[in-house]
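Protein sequences, first through last, are from chains H and Z.
In terms of the working numbering, the first sequence opens at residue 1 and continues consecutively.
In terms of the working numbering, the second sequence opens at residue 1001 and continues consecutively.
Some hints could be false.
[Stated by the list, open to error] DSBU-like, lysine-lysine: derived pairs with alpha carbons at most 35 angstroms apart:
id : chain 1 : residue 1 : chain 2 : residue 2
1  : Z       : 1063      : Z       : 1080
2  : H       : 312       : Z       : 1056
3  : Z       : 1032      : Z       : 1061
4  : Z       : 1099      : H       : 312
5  : H       : 254       : H       : 159
6  : Z       : 1099      : H       : 299
7  : H       : 196       : H       : 299
8  : H       : 292       : H       : 254
9  : H       : 319       : Z       : 1061
10 : Z       : 1099      : H       : 59
[Said to hold, decoys possible] If the Cβ cut is set under 10 angstroms, some of the chain Z residues that face chain H in the computed set are:
id : residue
11 : 1014
12 : 1051
13 : 1124
Hints listed in this document are in silico derivations from the structure and should not be mistaken for laboratory results.
Backbone N, C-alpha and C define an ideal beta-carbon position, used for all residues, glycine too.
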Amino acid sequence: MTIPAHAPEQLKNWNRPRIIEPGGDGDLLEVAMGPHHPSTHGVFRMDVALDGERVIRLKPVFGYLHRNHEKIAESVSYLASMPYTDRLDYICSLTNNWAYALAVEKLTSQEVPERAEYLRVILGELTRIQNHASSIGFLIQEMGASGTPLMYAFREREKILDLFEALTGSRMMCNYMRFGGCRVDASAAWLDAARKVVAGLPGFVDEFDQLLSSNEILMARTQGVGILRPELAVNAGVTGPMLRASGINYDIRKVDSYGIYNRFPFRVPLGDHWDVYDRFMIRMLEMRESIKIVEQALKDIPAGPVMDPKAKIRGFRPKAGEAYGRIEAPKGELGFYLISDGGPNPYRYRVRPPSLINLTVLEDMCLGSDIADVVLIFGSVDIVLGEVDR
Amino acid sequence: MPGAGVGIVSNPGPSGQHSLRLNPSHAAAVAKFLRDDAELALDFLSNVTGVDWPDKEIAEKVKVSKAVDGVEQTVEETRKRVEPGCLEVVYHLFSVARKHGPVILRMRTVNRTDQVELPSLTSIWRSAEFQEREVFDLYGVVFTGHPDLRRLLMWDEFTDHPMRRDYVEPDDFEYEPTAHDAVAARAAAHQEPREGKVAGQ
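Isolated chain H, as found in the complex (with noise of 0.2 angstroms):
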């Protein structure tokens, strides 16, 4: 763009940057990539220190969306934040519903009916390929392929969405789960139409597979970007697809064996270069996974009551004490603690949020990259900033 010479003087410098001395450095360019970046999937802000395009340093500004959700939990019963649990993941509520429920039930010792635990390993699968297919749409989108991988990855995802408002009333604000079961039983007209959705998903994790895998693109985009050693993984606290990615063998389904995954065999697939690809590659293949877990399910679901008789849901009050429950939500470990001082609100409220917790090694991947890996970067973490702000 040439400037004609008559203009003005803050026109002429309109691409000239703000440089800040770092005191004998060089110069460095400091960007604030967000809040509003198309990238960032809600608001969150990068400030970035360049230097020529690579990053020099990287610090994440966050609570853009923070409403303290905690605060609020803590002064409501406890059945009544379970529909705000949908707002974290806004994704995944099915997800951080079950974790909520999982964690209550742990407080008050209840059990859950075995209807009910097929019924969520069912919901929380589908969860996961949706939720996997949609974070893949949305890295290949953020290298500039915009819109085709990720409508194929929305189609998809339509189906299963249509399927938990058929079940639970609504696409994404599911408020499904209930301490000691589920809020309803699935007809099984409901359980045809999901078995019929779920003979469909192979194929379409084949034909997602031979798009993108092999594109010569994506892989010299990806590969070799962002590394993620296993060590430094562990030690943040990474969890999730990324951590796996890293060639780290730990997925609490297994390790905890929560629920009733102790009955299904399925397969934990690792990383072995530890960068963007592997964590596009492990999403990939933990959707087959998935699917064969529904299948088992959807083929062993017994019949029987989704809630315990007994079970109390509104205005009990759980017998002083604490506890700690997490499962393995498609982000990493989503986790709820509760400390119940024998009132009917709990004391303590907190969500352990891998969105978050993830993003602790963000700056740490990034360092040395190109700024336009930055994006890619970002996006192979896979956060909701519903869940990093609460």
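Based on the hints, put chain Z in the right spot on chain H.
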């Protein structure tokens, strides 16, 4: 480890998750041991959180002998005693290498006002970095030795700690985009009077 001052805090609830209370002055050494010991190998710090225990007023009845009308009598008297509060930080540890856990660590500050320092465990587990910042932000625990102790969720100019039990929100707090009634009246105190406009409307 002699003199480490580690005590067991039992959990009365049914979850059976008991915890260890650490003496803050030895916490770093104990934490390092827990991480590096081959049997324990607690290499994964999952969750860090704060808990606020405000000052508690306890009323108890005490029998006192008193001279009533010149006669020595035993009288029951209600006395109020204030149990000083504290801020507590809870760490949930797991082992990725040996796949066990949780081991729960707790540390308490001396009080809630001026002695709120606790040692940071970020140098032992990096995952404490953001979470300790969050506890500092929302509870006001000052972690000594933390590499970058700034507010995490609230903005830097904010002064209070909103997760404390006795937190009172400032009355110019703009939580309603179209303020009315009580909120509008409260907001009015912070608005400049303007001609032709009633403050708070």
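Do the hints match the structure? See the list:
At roughly 14 angstroms between alpha-carbon atoms, residue 1063 of chain Z and residue 1080 of chain Z fall within 35 angstroms of each other, so this suggested pair holds. With a CA separation close to 31 angstroms, the supplied pair residue 312 of chain H and residue 1056 of chain Z stays within the 35 angstroms bound. Restraint check: the Cα-Cα separation between residue 1032 of chain Z and residue 1061 of chain Z comes to about 46 angstroms, which exceeds 35 angstroms; the hinted pair is violated. As the CA atoms of residue 1099 of chain Z and residue 312 of chain H are separated by approximately 33 angstroms, the hinted pair is consistent with the 35 angstroms bound.
The straight-line distance between the Cα atoms of residue 254 of chain H and residue 159 of chain H is roughly 28 angstroms, inside the 35 angstroms bound, and the hint therefore holds. Simply put, residue 1099 of chain Z and residue 299 of chain H have alpha-carbon atoms about 31 angstroms apart, close enough for the 35 angstroms limit, and the pair holds. Distance hint between residue 196 of chain H and residue 299 of chain H is fulfilled; the C-alpha atoms sit about 12 angstroms from each other, no more than 35 angstroms. Annotation: proposed proximity of residue 292 of chain H to residue 254 of chain H holds, straight-line Cα distance about 15 angstroms (limit 35 angstroms).
At roughly 26 angstroms between alpha-carbon atoms, residue 319 of chain H and residue 1061 of chain Z fall within 35 angstroms of each other, so this suggested pair holds. The straight-line distance between the Cα atoms of residue 1099 of chain Z and residue 59 of chain H is roughly 32 angstroms, inside the 35 angstroms bound, and the hint therefore holds. A distance limit of 10 angstroms between C-beta atoms decides the matter here; for residue 1014 of chain Z the minimum to chain H is near 4 angstroms, and the interface restraint holds. The interface hint given for residue 1051 of chain Z holds, since its Cβ lies 5 angstroms from the closest Cβ of chain H, which is under the 10 angstroms cut-off.
Proximity of residue 1124 of chain Z to chain H holds as hinted, the smallest CB-CB distance being about 8 angstroms (cut-off 10 angstroms).
Hint 3 alone, counting from the list given before, is not met by this structure.
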